[in-house]
Amino acid sequence: MTPLDYAGYTMSAGDLIPLLPLLAVTATSIWVMMAIGVKRNYPFVLGSTVAGLLLAALLAMRLLTGPAPEAAPLLTMDAYAQFFTVLICAAAVGVSLLSHNYWTEFDDQREEFFLLLSLATLGAIVLAGANHFASLLLGLETLSMSLYGMLAYPVHSKRKANSHALESAVKYLILSAVSTAMILFGVALIYAETGSLAFAGLGGLPAGPGVGFSVVALLLVSAGVAFKLSLFPFHIWTPDVYEGAPAPATAYLATIGKIVVFIVLLRVVVETRSLGIAPVVIVFSLLALLSIIAGNLLALLQDNIKRILAYSSIAHMGYLLIAIIAAFYAEGPISIEAVSFYLFAYVVMTLGAFGVVSLLSSDALERDGISDYQGLFWRRPWLAAAFTGMLLSLAGIPLTAGFIGKFYLVLAGVESGLWLLLAALVVGSGIGLYYYLRIVYRMLLPEPADAPELRQGNAAFAIVLVLFALLVLFGVYPASLMSLIQGIAL
Amino acid sequence: MILTLLIALLFIGGLLAWFSERINPALPRWIALAVLAIELLLMLSLLSATPENGWLAAYNHAWLPRFGISLQFAVDGFSLLLLLLTAFLGIVAVGSAWSEITERAGFFYFNLLWTLAGVVGIFTALDLFLFFFFWEVMLIPMYFIIAIWGHENKFYAAKKFFIFTQVSGLIMLVSIVVLAWFHYLQFGFFSFAYQDLLNVGMNRSMEMWVMLGFFIGFATKLPSVPFHNWLPDAHSQAPSAGSIILAGVLLKTGAYGLVRFAVPLFPNAAAEFAPFAMTLAAISILYCAKVAFAQSDIKRLIAYTSVSHMGFVTLGVYAWNELALQGAVMTMLAHGLSSAALFMLAGALQHRIHTRNMHEMGGFWGRVPRMSAVALFFSIAALGMPGLGNFIGEFLALLGAFQANQVLTIISAFGLIFASVYSLWVIQKIFHGKYSDNAFDGSRLLDLDNREMAFYAAMMAGLVWMGVYPQSFLDLSAPTLQALLESQAGAAAVGALQP
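Top line first, the protein sequences correspond to chains A and B.
For the first sequence, this note's numbering gives the first residue as 5, with consecutive numbering after it.
For the second sequence, this note's numbering gives the first residue as 167, with consecutive numbering after it.
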């Protein structure tokens, strides 16, 4: 094969190996699209999607321990990227199986949902490896475009009487477009200054006190990122989008849709931390502080599980930001490990929590009111136990991965001496307990007499149990994951 | 090895109890009883162990090597005493729940055993991360016990208990991490081991802040004014088995933490802080005794007296000399028994007549003579009658504290008088006076049966033993306390305490 030549960079066939997971997901998307075109066969489409994503996850797992590849101009598929590729693909498999349960009685075509899902995953993997603003935007848009479709998926269904899916998708579309525009403007300014779109070129930004130019550029990018992460005060879209969308799409948005932005953000921070641009750090600290407090306080007022989880995710993004800010200050790897571990735990527990919601829901009826869960402990003990585990993990209680994640965050915060943010973490966790326990308590109450039948779903139930097992396993014995994460640190 | 067995047995026993319910609804309580009896025997077997480096038994295994965290357990005389108290009161709690808990019994005993597993972990863990792990682990099952089997206002109480202890626990976690981080800075590697962290040096203000983090964590559990707010609600709403565990065992974990960690790890800051801690102790003793007197809910009353009695423990710990520490340990043990018995009595009353309001009671002596005599015994024990364990504990604590701070000790001593006032007032109110069953179904007011009497008799025997021959307990805890005092850390604290 003749080597391709791109801007002085030669690519050989061997360089494709680190890209194999990405190629696998691409192939899955094309395969699924053509399969739908030839003949609609739902089990086949579902099977192909799951198989393709699993293959990608296995490939990435295999590449995780291999020698570090050279950085290509757009993508660096290093161990860090491969680790998150595994996480993304595994989570996407989880969402696929949850959706299978959710769409069982759907009165419209179900197949395209899986096409959108694998396309979104493609965008997510690109983001995991992005080292260049072009690939960043490419990945971000692939992800968001597919998500619009997923959020609005049941829009033509006649079964859903009170549909907010379209509202949810349009809100997400508009805000996502605005934030992309902001990021683009910031990137343009960075390009004007450094002449490079690679993250590595960020080091060329003028540094030191009073460099308005770099500050404005980075703040614009930060604001766009804050929209995507739904940090306070850019969070207003989140609860509405979460509530209106079908549960599996919400699960996808809440897990993969959030973590990929953090994955990129961490890369950018590692590149720019040498600049020591104080205003950016201050803005990030403020965003973290406000997100933790506001997210937790607003969650107190909700009666809808999806909205509670939406606000709690705002708070969790604030917690995670503590480690990102710590990475600005500290040279050591702890803050990076903290982000990695917490993202892992966050995916497990959020997917688990939404998994329970989508197991019990269908496109005709979203069971997301807190009263729908009354007496769940006595009706479906395992499901309720798993849900309790997820909620306690979100609250950071031991025996769950969320606790180890919180421990990492505290360690990262202590390393950099972020006392105010740690205080916010403590206060926020205290408030958070209140609404997590509210859900748990509802499940403990005696079941209401006129409670309707609960949906069954073997695939979704299996996913929830697997996530519960992972949650406890990495909450009690996280040593293996810790050393893996130590190995992938940037 | 025996230590891991102690903990594993409780965890596994809990699961067994839960699942055995499907076979036979009576099975869980038998399993719980059997597990706790084995625990007690295993702990008793440790009494005859020969100490090695001051530890009667120890276990160490790597857990999270990345941060130098290990499964490090060890037991000395002091922790063994508390372990024995835990297992004994566990059995008492099972006894009190025996006929009271009929709904979802399997899950109840699961939670009971898991709470005790957390407590045993706390009394044996020597790695601070592990310690914190157990510290939090016991909260969830306790939350379930209050929230599911509690009384009328159970959710509020359970939530308050959880949030208070969890937030104070997180503050402690931050402190633990800061301590470990300083160890990393000084020695170049992470460690959460107790012996390693004893060597960490910090500047004065940092040491004070970190110490305060520990103090808040422990003082909330103890509890001491101003962190005591959760306790009256949790105790009064919990089922009696829950109250027994809360008052008898859970409160002691806070005191244990003060003795084992909060003072030895931060000798200078603790010495500097001692006058404040002792002031808080004196306020706890007097203020909560007064508040107790104002209660009409009998369980709330006992709860406030617990705060008051635990004030003597704080007083003794921060006096930091052998007499005072011995007094604190004796108070922990004696209060464990007396408060557990009183909560069990209150629970028995409520189970029979469905009220805790003392204004609706009166003249019970003629109806339930056994119960009245038992109540009188434990009230007298709680007020500090010589010859019973509580007297020894509080007397020694005051004696030791007098060497450290005369004024506060004199003020605290008034607590003994207040204790007599409210204890006798309760007896007067419930058991004397005119009998009337307007507020409840009088036919349900039955006397204690033999099973119940057996439990009370065992606790009485314990209190008399402690009161008449305290030396057998003092001998067990003395080596630990002397070692703590003799260590450089302890010496610094004493030196700084006495101007």
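Bear in mind the hints are in silico, worked out from the structure with no lab data behind them.
For every residue, glycine included, the Cβ atom is placed at its ideal position computed from N, Cα and C.
Incorrect hints may appear among the rest.
[Stated by the list, open to error] Some chain B residues close to chain A (C-beta under 10 Å, calculated; not the full set):
| hint | residue |
| --- | --- |
| 1 | Arg232 |
| 2 | Phe273 |
| 3 | Phe459 |
[Said to hold, decoys possible] Here are the in silico distance ranges between beta carbons for each label pair:
| hint | chain 1 | residue 1 | chain 2 | residue 2 | range |
| --- | --- | --- | --- | --- | --- |
| 4 | B | Trp375 | A | Ser200 | 58 to 66 Å |
| 5 | B | Asn369 | A | Pro337 | 22 to 30 Å |
| 6 | B | Asn395 | A | Leu477 | 30 to 38 Å |
| 7 | B | Pro645 | A | Pro337 | 38 to 46 Å |
| 8 | A | Ala466 | B | Arg533 | 52 to 60 Å |
| 9 | B | Arg533 | A | Leu477 | 50 to 58 Å |
| 10 | A | Tyr481 | B | Asn190 | 27 to 35 Å |
| 11 | B | Pro645 | A | Ser375 | 41 to 49 Å |
| 12 | A | Leu477 | B | Pro441 | 45 to 53 Å |
| 13 | B | His227 | A | Asp112 | 52 to 60 Å |
| 14 | B | Trp375 | A | Ile240 | 54 to 62 Å |
[Stated by the list, open to error] Which stretches of chain B does chain A cover? Using the computed rule of at least three CB atoms under 8 Å from a CB of chain A, they are:
| hint | region |
| --- | --- |
| 15 | 240 to 252 |
| 16 | 305 to 318 |
| 17 | 546 to 553 |
Cross-check of the supplied hints:
1. Arg232: holds (4 Å)
2. Phe273: holds (9 Å)
3. Phe459: violated (32 Å)
4. B/Trp375 - A/Ser200: 58 to 66 Å: violated (45 Å)
5. B/Asn369 - A/Pro337: 22 to 30 Å: Roughly 27 Å apart at Cβ, these two residues keep to the hinted range, so it holds.
6. B/Asn395 - A/Leu477: 30 to 38 Å: The hint (30 to 38 Å, Cβ to Cβ) holds, given that B/Asn395 and A/Leu477 are roughly 37 Å apart.
7. B/Pro645 - A/Pro337: 38 to 46 Å: holds (43 Å)
8. A/Ala466 - B/Arg533: 52 to 60 Å: At 59 Å between Cβs, range holds.
9. B/Arg533 - A/Leu477: 50 to 58 Å: holds (56 Å)
10. A/Tyr481 - B/Asn190: 27 to 35 Å: holds (34 Å)
11. B/Pro645 - A/Ser375: 41 to 49 Å: Check failed, 58 Å falls outside 41 to 49 Å.
12. A/Leu477 - B/Pro441: 45 to 53 Å: For B/Pro441 against A/Leu477, whose Cβ atoms are near 48 Å apart, the range 45 to 53 Å holds.
13. B/His227 - A/Asp112: 52 to 60 Å: holds (56 Å)
14. B/Trp375 - A/Ile240: 54 to 62 Å: Violated - the Cβ-Cβ distance for B/Trp375 and A/Ile240, about 37 Å, lies outside 54 to 62 Å.
15. 240 to 252: violated (count 0)
16. 305 to 318: holds (count 6)
17. 546 to 553: Result for this restraint: violated, n = 0.
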